[in-house]
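Numbering-wise, my numbering comes out as the position in the sequence shown, counting from 1, plus 5.
These are computed hints drawn from the structure, not numbers from a lab.
A hint or two may mislead.
The following label-pair restraints were derived from C-beta to C-beta distances [claimed, not checked]:
1) 323 with 289: 42 to 48 angstroms
2) 272 with 332: 22 to 28 angstroms
3) 41 with 271: 18 to 24 angstroms
4) 255 with 160: 56 to 62 angstroms
5) 206 with 289: 19 to 25 angstroms
Here are the computed lysine-lysine pairs in the DSS-like style, where the Cα-Cα straight-line distance is at most 30 angstroms [claimed, not checked]:
6) 291 with 140
7) 332 with 167
8) 140 with 323
9) 236 with 289
10) 236 with 224
11) 34 with 139
12) 34 with 183
13) 308 with 291
14) 336 with 183
Predicted, not measured: the structure shown is a model, and the values here were computed from it.
All residues carry an ideal CB built from backbone N, CA and C; glycine is no exception.
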Amino acid sequence: MKRLLFSFLGIIIAASVFAAPPSKVVELKWYQPEPDGHPWTDVSRLIAEEIEKNSNGTLKVTIYPAGVLGTQAQAIDMLRTGSLALETSGPSILASFYDPVQVMSLPYAFDDAAQGYAYFESPAGQRIFDDIRKKSGVRTLDVWYFGDRNLTTNNIVVKTPKDLTGKAIRCMDTPVSKTVIAALGGSPVPINFAELYMALQTGVVAGQENPIPTIIAQKFYEVQNTLILTKHSVHMGTVHVSEMIWQSLTQEQRDIITAALTKYRPVIEERINKSTVDGLAFLKSKGMNIVEPDLTPFRENAKKVITAAYGNNADWIKEINALEAFKASYKKQ
């Protein structure tokens, strides 16, 4: 009887030794600035499902939309402490670590989204973001298309930068945003986004600039009657991950995350493009005057404004030259 008991115990012990340990489930919190219904947020949910499926449930991704966890700056702080795993915003949010990362936000920095992706993946782009990672503990995993930014006004038809001379145009309270408005020919006036509708309605500013889906979401067409397709910014967002959390994952888990981001990047662009086309038709139906100017004078003015703003800053000159060298090489491909 004792022999049988010991044999039985031996089998149990052996089974416990050789059985695979239960996999630990890692929860990844993902901050999204946009609400449900926006391509960024909707597709991030598809990415979350892809990650969970391909990791056999060892990675659980929870999306927090519409900035419910705080401001984008607060989200970056949470990445640095490891209390947040993922965050989507834009390169400018990292400017406190290296200001010229905003080279991606300069007027006419990119011709299209494909060029923006290629720059991010180029040695010039990777050098910037790797340097920021070392300084901040925030790794940039991918870039996402947000849409082309265009100008709106009220009863001002803009075909060249001179048409906007002396006109107050809303900007964000950052040097780069002011540079964008100056490149368009206007006088930049910083106004909080939450106060912009009222500022347009009361005439505090004559116009503003944003992607078409944003113009519709904020109902700016109610207080602006002219859309000028300046396409002055191919707006690229960035997906960030906490380096602390990234290093705690296995290589397989990291590969699963990056593969999911790569797979769905074109889906985001497709949805942004569709919302832009549909949005343009909607704005026309609302009676907005659509102006398609020759972009050459705007591009030329942008070069002058950029040189005046950053021509004496060695770091900025370095990154602007690197961007221009990349674009010259990209066009030859």
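Verification of the supplied hints:
no., hint, verdict
1, 323 with 289: 42 to 48 angstroms, "holds, 43 angstroms"
2, 272 with 332: 22 to 28 angstroms, "holds, 26 angstroms"
3, 41 with 271: 18 to 24 angstroms, "holds, 21 angstroms"
4, 255 with 160: 56 to 62 angstroms, "holds, 59 angstroms"
5, 206 with 289: 19 to 25 angstroms, "holds, 21 angstroms"
6, 291 with 140, "violated, 48 angstroms"
7, 332 with 167, "holds, 28 angstroms"
8, 140 with 323, "holds, 19 angstroms"
9, 236 with 289, "holds, 17 angstroms"
10, 236 with 224, "holds, 20 angstroms"
11, 34 with 139, "holds, 22 angstroms"
12, 34 with 183, "violated, 33 angstroms"
13, 308 with 291, "violated, 35 angstroms"
14, 336 with 183, "holds, 29 angstroms"
The structure shown violates the earlier hints numbered 6, 12 and 13.
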